[in-house]
Structures are given as C-alpha cells and as structure tokens.
Amino acid sequence: AQSVAQPEDQVNVAEGNPLTVKCTYSVSGNPYLFWYVQYPNRGLQFLLKYITGDNLVKGSYGFEAEFNKSQTSFHLKKPSALVSDSALYFCAVRDADSGAGSYQLTFGKGTKLSVIP
Amino acid sequence: GAGVSQTPSNKVTEKGKYVELRCDPISGHTALYWYRQSLGQGPEFLIYFQGTGAADDSGLPNDRFFAVRPEGSVSTLKIQRTERGDSAVYLCASSEGGHGTDTQYFGPGTRLTVL
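Keeping their order, the protein sequence lines are chains A and B.
If you want the numbering used here, it's the position in the first sequence, counting the first as 1, plus 1.
If you want the numbering used here, it's the position in the second sequence, counting the first as 1, plus 1332.
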C-alpha cells in the first residue's frame, strides 16, 4: 500500500519570504514523488517530480523539492514567495516497485498556501 | 498544444439518474486515468487505461461505475443510478505511455452534483 501525509492543512507566509510545504510518504518499494498545484475551479497543474538521482528537484515557477529517503519526505520549497503562489498544493506518490499493472497516484489531502502581501 | 479537456464542466442530476462524463486526452497519449476529488480531499484513483483496455479498475467504488475508451483516445465515465454520495469533481488525466515515471497531466474536471 502507498500513502501520503501532508501534515499542514494551511500554510501562511509573507510575500518575499521562503516557503515550505511538507509531505511525507509511505511505500513498500522505492517512491516516485510528484507535486501538483490547484488553483480555484481549475484542474491540477504539474510542478515537479522525483524519479531517481539528485535529491534536489527543480520545477516550474521557481519551486523545488528535496527528497529525503531516511525521513521519507519530499517537502516543496521556494526561496521567495509570491502572492500569485497562493493555491492548493498536492503531493502524490507511486510505488516504483508495484509492477506495470497500475500507475495510479496516491495523493495527500492538500495544503492551502496563502501568501500575504 | 491542447491539454486534457473534459465535458461537461458542470453536471447537475437527480438521484437515480444515469450520467456520462467525457474526457479528451492530450493527442498521442496512450495512458488515461480517472480520479475523483471530494470536497477537502485529494484526488482518488478510479481507473487507468492503456490504449483501449482498462489495465487497472481497482479504484471503481462499485458496479454502478463503468468507463470505456473504445478507440484508445476519448474516454467516457458512466455512472448508473446516481447517489448523492457520488457528488464530487471527476478529474481525467493522460500521460505519454505505459511508464510509471510518466507525468500525468490533468484536465479541469467535471463537477457532478447529485440532488
């Protein structure tokens, strides 16, 4: 079984400050990890993913995430938050060793990010 | 290029009725997924197609839910005898092929309301 936890329902940060949105995961094998962002009444937009290799992954709009295997975490970060970053952020995982029959993603409940001007 | 499109964007129906939700994937993508997102929750997997066949339908909640992809492109999610608990946003996603590392690209969703 695979699962994701996003421990914070909401994160508030001042514009210009660094932001972190936390994610921890659980899989039987090795993880493939993804971050998506959802704006109101919109679908999910892909930000970045970790498959293998460098633990620091860079993605769209200046976001990055760090894979930490020992802590089973994949926190999303940005050095300087913008008001336009305010949205709902979802972390997702897939077990890389689950076989070719299923590519389903398991999502966390989401974290609402509010960037205050 | 064009992204994943879904129609209708909103659907209101009465309890017990039948509904169909349509998904047009990104051109050339062979893999297609359906997810359901309830209020305040993350998307939950329903079914995955590779080409025309359902490779994994383990997320379908019961036999009232059925999906098809007859020509390996457009997919239709069908819900019979709708119940109020079926109210949710139904999301469709597609990816290039049959690789677990592929990025899934999502459509805007269909908001289903069952009265």
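Since the hints were derived computationally from the structure, they do not count as laboratory data.
Check before you lean on any hint, since a few could be wrong.
[Said to hold, decoys possible] Taking beta-carbon pairs under 7 Å as the criterion, some of the chain A residues facing chain B (in silico):
#: 1; residue: 108
#: 2; residue: 109
#: 3; residue: 112
The beta carbon of each residue, even a glycine, is placed where N, CA and C say it ideally should be.
Could you tell me which of the hints above the structure violates, numbers in ascending order?
Going through the list in order, the structure violates hint 3 alone and respects the others.
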